[in-house]
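Undergrad: Working from the sequences, and respecting the hints, build out all of it.
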Amino acid sequence: MVLDENVRRIVRGRNFGFLATVNGDGSPQVSPVWVDEADGYVLVNTAVGRVKERNTRRDPRVALAVPDWQNPYEYAYITGRVVEWVTGPEAEEHIDKLAIKYTGEKFKWRTPGVKRVILKIKPEKAGIY
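Numbering (my numbering), first residue to last: 4 to 132.
Think of the hints as simulated: they come from the structure by calculation, not from any bench. Being a predicted model, the structure only gives us computed values, none of them experimental. Any given hint could turn out to be false.
[As the list claims (entries may be wrong)] Simulated DEER-style distance windows between Cβ atoms:
1) Glu8 / Lys118: 28 to 36 Å
2) Asn26 / Val86: 15 to 23 Å
3) Val51 / Phe19: 20 to 28 Å
4) Gly29 / Arg113: 18 to 26 Å
5) Pro31 / Glu77: 19 to 27 Å
6) Val89 / Arg11: 19 to 27 Å
7) Val89 / Val5: 15 to 23 Å
8) Gly43 / Phe19: 27 to 35 Å
9) Pro115 / Glu8: 38 to 46 Å
10) Ser30 / Val5: 28 to 36 Å
11) Thr114 / Glu77: 15 to 23 Å
12) Asp7 / Gln73: 16 to 24 Å
Virtual Cβ for every residue (Gly too), placed ideally from N, Cα, C.
TA: Written as structure tokens, this is what we have:
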């Protein structure tokens with residue numbers, strides 16, 4: 004599926020997303036996230052071993068709501084699946100890119116030994132409300 008321009012505008016903006024994953028017991032888990040889009044995929048960055056990563060490796064289905072903070076009555080919604088977990092230098096560079104987008108500075112909360120992972124989400128449904 005190709006994301007339409009309105010969804011891309013909100014995802015590319017300085018808007019926080021709310022990512023829903025499925026816990027092992029079937030209950031929902033929701034996390035506020037920084038979000039990005041590239042080549043038709045939605046990208047979320049987290050630390051390796053966090054619940055978002057663990058849940059998506061077990062069950063890759065996700066839902067994401069991204070409110071437009073300029074107009075919180077409008078938001079992008081995306082459902083899809085995590086199709087790739089990207090680690091290494093690419094994930095470290097990506098968290099810096101997101102931090103600059105959201106804070107104006109490189110990511111300054113690094114913890115020694117903690118590695119980053121990009122959750123690469125392939126959208127199945129998306130739109131604007």
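Undergrad: Which hints, by number, does the structure contradict?
TA: 4, 8 and 11
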